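Letter by letter, the chains look like this.
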Amino acid sequence: MSDPRDNVQQEFLAEAQELVEALSRDLLLLDEAHQRAERPDSSLINEIFRSVHTLKGIAGMFGYKHVGTIAHALEDLLEDLRLGRTDIGDPLLDVLFDSVERFQRLLALDDPQAPEEAPGVDAYVAAVRSIGTQPPVEEGDPLNQYAIGSAVLSVLTEYEEHRLRACIREGMQLYRLRATFELTAIDDSIEDLRDVVHDDAEIITYLPSLEGGNDESIELVVLLASRVPEAELKAHFEGRYGTVEAIEEQKHLPTVPPNLTSIPPGSQSLLPQPEDETGQASLRSVANSVRVDIRKLDDLMNVVGELSLVRSAVGRAVAGLDGDPKYRQSLRELDRLGRGFERQLSELRTRILDVRMVPLGQVFSKFGRIVRQAAREHDKQVRLVVTGANTEMDKLIVEELADPLMHLVRNAIDHGIESVETRMRLAKPAEGTLALNAYHKGRNVVIEVEDDGGGMNAHKLREKAVSRGLLTAEAGQELTRQDMLNLVFLPGLSTNAEVTDLSGRGVGMDVVKTNILRMGGVVSIASEQGIGTKITVTLPITLAIIRALIIKIGARLFALPISAVREAIPFAPQDVRTIQGRKVLTMRGETLPICDLAPLFGLRGAKQHASRFVIVCEMGNRELGFVVDELVGQEDVIIKALGPTLSSVLGFAGAADLGNQKLALVLDAPALFSEYFDGGGALPSVEARA
Amino acid sequence: MAFHTLIVDDSSAVRAFVRAALEDADFARVQEAETGFEALQLLASNAFDVVIVDVNMPDINGLELLAFMKKSPRQQGATKILISTRADGLDAKRGAKLGADAFLAKPFGVDDLRKLIRGLADRNGEVSG
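In order, the protein sequences belong to chains A and B.
Taking the working numbering, I'd label the letters of the first sequence as residues 1 to 690.
Taking the working numbering, I'd label the letters of the second sequence as residues 691 to 819.
I should point out that these hints are in silico values taken from the structure, not numbers from a laboratory.
Heads up, some of the hints might be wrong.
Computed footprint of chain B on chain A, listed as stretches where at least three residues anywhere in the stretch have a Cβ under 8 Å from a Cβ of chain B [said to hold, decoys possible]:
#1 179-188
#2 482-492
Reference excerpt, derived from the structure (chain A facing chain B, CB under 7 Å, subset only) [as the list claims (entries may be wrong)]:
#3 V8
#4 G60
#5 L153
#6 T157
#7 E202
#8 D215
#9 I218
#10 A568
#11 I569
#12 F571
#13 F652
This structure is a prediction, so every number in the text was calculated from the model and none was measured.
Every residue, glycine too, gets a C-beta built ideally from N, C-alpha and C.
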């Protein structure tokens, strides 16, 4: 028998990852409530329990022994918490927060049973078990005082019973809401009911009954606890859903089941009755989302690309008929159809892109925990402020962003935000602020990591770069303050503990930059001493498809992502000047460094053009003009990777098929920028051709 | 004959596991429900050979579904299996009272599940797949 585990392993990993992410998010909410000394919402604790409980169950089935062991230990602890046997405290929160990272690491292991992990897991489990729980306080069971009925009690889970007791102890009244729901629309109706109930009551459970139900509808008995007086509750629900009935307190009686089956049948549905054309109940699989491997979307996108090529080929074939009067009518029709086809194709492309988009909140949500942890380690107070968590971008980019952003966040706390003591001395608020902001800007997404810490000392950065031999003293003198700050991205500037006295962020900043560049993005830095530092990351929304400016150098076509282009303007060779060995143009009084692409790519540029074009690109806080021979137009292109032999060639992000059997190399603007500004001027600048 | 089977569990990994375990070699034809509400929709219009329900689900739990199926004329022929991570026997006992034919503790393996279903089918005098 084949082991289906192999086939569904991906499903497991995806769900496990989601559960851990949900756990991480919910723990932050729990922690916030705890810090404010508020009593946490019982449903929040239940959610946390459920995540861990489900994780335990599936880890066992898929052979993730260590994950299962940890989840099991936590489940017991959380069960005590949700059943009110223990309270929230820092030790409990600490082990819970700790678990998130452990789960993530264990899920990433190639061997989920890895024996070398066992000691760490055992020690963690021991720590979890050492958190004491008080034995439950034995009192008379309040459930016995209510005529809930044995039929109902026999189907309640332990947690549901606990919630019933807790609600009774809090002085809430129990109610039965009896309502009939249309089966085909039950999800929406329940959602609706939940919204209405929300502030007034807690839903303990839903009990399906056979009374009043048939193939199309079903009666549910909803067990509610509420502080709202019966009359008010009735006014709210009756007529809209069904009947509300208070469950009486029966002081002297043992449980007398108000037999569920004794309710008169035939209660009428008060909900609108949707038409069912087939007269059959729906067999659809009722889940409303699917998980898709992103590679399948890449494949789909490729098919769209191929379709565009077919469309161009058809267009050419049709064009071959042009001029023949007997086809005039048909040609006009074909032309109209062709345009319609193109619109649909473009729609398809947009829709596929849309599926790839996820909110950045998915990665931001991880940072709350990291901030909490880092702040604790350094004994600092840090408040995390997030804006733009709903900003959407390509799933692949969001995933890749997690590490670089985490680096920036950690750096901001480790080296940026000062200790409470220092901040007090400087008359700053004791609590530092770390802001994560995301927003759309044109076809890019901008993410800022900003702190109100000590800022960076630009001169110290320069000294360091000179002493490390990364820069000559003379070259150092030429640097502007911004240039000095940019030194922080140099590899090897600061790779050890010395960074702290730079109040610096050298550690790994070169790696951050490289990773962002690889995604077609740029990083820039702004920092004021004593005030704070802002790192800005600008990235394209997606890498799957880009709007490109098609340009010509010599006889060859190239594509330049439009996200990087600010403007394209003609210039005459005599406008070019040389400053410090680099060619520049003066535009509107500003000096623009320029780079001629023809010699760079070993191409013969156009003949003695009276006028060529400079494409002004902007990345981060720098501008560079690329000199080209001709502007062809704008096009949406799908970037295909270059083969392994070519992938290491600097300056190209891939190739794009433009149809008409024309191919364009896609320029990698960030890499060209980096090479021009930081690569020691290896790129030749423009030759004035008189 | 492939068993017409319904798996009700809020974990997609568990549903995928059960589906893969049973659909291999046409052992069973599996439909999935993520919530008790989805299960109610499917139970209203299908007579299943086997229904597998998880105890711990939000809103409508597995015990409530068992109680419902016990009364539902359409599901009288169904073999009902309750699944739960609880190994202390409490869920098994409560399930049995509500008409469950068998209890399977999580985690379970492919063979556990198939053997159980085959055994139950034989007991009920059905042709096993």
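Check: Does E202 (chain A) pass the interface check with chain B, least Cβ-Cβ distance below 7 Å?
Finding: violated (13 Å)
Check: Holds or violated: is the Cβ of T157 (chain A) closer than 7 Å to a Cβ in chain B?
Finding: holds (5 Å)
Check: Measuring from the C-beta of A568 (chain A) to each C-beta in chain B, is the shortest one below 7 Å?
Finding: Status violated, d = 50 Å.
Check: Minimum Cβ distance from I218 (chain A) to chain B below 7 Å?
Finding: The hint holds - I218 (chain A) has a Cβ within 7 Å of chain B, the shortest such distance being about 6 Å.
Note to self: Just to make sure I understand the rule, a stretch counts as covered if three or more of its residues have a C-beta closer than 8 Å to a C-beta of the chain. Does the region 482-492 of chain A meet that for chain B?
What the structure shows: Since three or more residues must qualify, the claim that chain B covers the region 482-492 of chain A is violated, with 0 doing so at under 8 Å.
Next item on the list: Answer holds if the nearest beta-carbon of chain B is closer than 7 Å to that of G60 (chain A); otherwise answer violated.
Entry: This hint holds: G60 (chain A) lies near chain B, its Cβ roughly 3 Å from the closest one there, short of 7 Å.
Next item on the list: With a cut-off of 7 Å on the beta carbons, see whether D215 (chain A) makes it to chain B.
Entry: Constraint on D215 (chain A) satisfied, holds at 5 Å.
Check: Can I569 (chain A) be said to touch chain B, with a Cβ gap under 7 Å?
Finding: violated (54 Å)
Check: For the hint on F571 (chain A), does the least C-beta distance to chain B fall short of 7 Å?
Finding: violated (59 Å)
Notebook entry, point to check: With a cut-off of 7 Å, does the beta carbon of V8 (chain A) approach a beta carbon of chain B closely enough for the hint to hold?
Noted result: Hint holds; V8 (chain A) Cβ to chain B Cβ min 4 Å, cut 7 Å.
Next item on the list: State whether the coverage of the region 179-188 of chain A by chain B holds or is violated, taking the criterion as 3 or more residues with Cβ-Cβ distances under 8 Å.
Entry: holds (count 4)
Notebook entry, point to check: Measuring from the C-beta of L153 (chain A) to each C-beta in chain B, is the shortest one below 7 Å?
Noted result: violated (10 Å)
Hint compliance for this structure: hints 2, 5, 7, 10, 11, 12, 13 are not met, and every other hint is.
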